[in-house]
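Number of protein chains: 2
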Amino acid sequence: MSTFEIRPIGKVSSNLKTLDAAPRQADEGAPEAWLVFEPEAVEGLRSIRPGDELVLITWLDRARRDVLSVHPRGDVARAPEGVFSTRSPHRPNPLGLHDVKVTAIEGGRVRVRGLEAIDGTPIVDLKPVLSPDIAHR
Amino acid sequence: MSTFEIRPIGKVSSNLKTLDAAPRQADEGAPEAWLVFEPEAVEGLRSIRPGDELVLITWLDRARRDVLSVHPRGDVARAPEGVFSTRSPHRPNPLGLHDVKVTAIEGGRVRVRGLEAIDGTPIVDLKPVLSPDIAHR
Chain A
1 MSTFEIRPIG KVSSNLKTLD AAPRQADEGA PEAWLVFEPE AVEGLRSIRP GDELVLITWL
61 DRARRDVLSV HPRGDVARAP EGVFSTRSPH RPNPLGLHDV KVTAIEGGRV RVRGLEAIDG
121 TPIVDLKPVL SPDIAHR
Chain B
1001 MSTFEIRPIG KVSSNLKTLD AAPRQADEGA PEAWLVFEPE AVEGLRSIRP GDELVLITWL
1061 DRARRDVLSV HPRGDVARAP EGVFSTRSPH RPNPLGLHDV KVTAIEGGRV RVRGLEAIDG
1121 TPIVDLKPVL SPDIAHR
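Chains as they are written, first to last, in this note's numbering: chain A, 1 to 137; chain B, 1001 to 1137.
Any given hint could turn out to be false.
Partner residues are not named here, just some residues of chain A that face chain B (Cβ under 7 Å, in silico) [said to hold, decoys possible]:
no., residue
1, R46
2, N93
3, R109
4, R113
5, G114
6, L126
Keep in mind that the hints were calculated from the coordinates and are not lab data. C-beta: ideal position from N, C-alpha, C; glycine also.
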């Protein structure tokens, strides 16, 4: 099957510097962070406003791609599950999905609340959370 | 910035054969469809059950990647918006996010309800919808 090339459009800038420091999910103490966009992607941000709820898609570049079964939450005492039933970063295409809320915008940087991704994580896409209003806009 | 290689793990098999036939969003008449996985990805499906609610990530291989502004819902009478505030398929990394519900599983094929992607669309990832239960599992 054909492969496709992901070209990151920016990077996460966060005080979370290591995987050990990162919470497993955003509701487990994730901080605010900046999304820093490449100059050539900035035009795509122009309709984003503080208060917007967005889905951020990242490429989890520290993840393993050869994993199809994982122990839930890394607990080896628990029976392994297929990765597609988990949010494990380790999976064939290690895309991260993050629900975030915009708190500020400064040129090509967007500040968001509740992001568990670590500093330097490549940004792949950004979409509005799909409400009936957005879906039909 | 480094680029990354997406390796599709399967394809959509659907009666929606053309872009013109596809609804813009799943709640606008999307049919049931099969997700047909590559043999080497099937192990990752083993914990999926009928009734599961999943986020399917696809690669929208017919989309344009050089678009940063779009007219909402393709209506040129409406002012253009930045693509990252829309669900337009045309964007730098044309990933599709689809909320689907599993209705059946047969080996390496998963039947889902409410998928607006057209036949042949490459499948990139599959994740559980993030409920508090899943997040902390």
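Tested hints:
A least Cβ separation of about 4 Å between A:R46 and chain B falls short of the 7 Å threshold, and the interface hint therefore holds. Nearest Cβ of chain B to the Cβ of A:N93: about 5 Å, under the 7 Å cut. The hint holds. With 7 Å as the threshold, the beta carbon of A:R109 stays out of range of chain B, its nearest partner Cβ sitting at about 13 Å, so the hint is violated. Hint status for A:R113 relative to chain B: violated, with the closest Cβ pair at about 16 Å, above 7 Å.
Proximity of A:G114 to chain B is violated relative to the hint, the smallest CB-CB distance being about 12 Å (cut-off 7 Å). The closest approach between the C-beta of A:L126 and any C-beta of chain B is roughly 4 Å, which is under the 7 Å cut-off, so the hint is satisfied.
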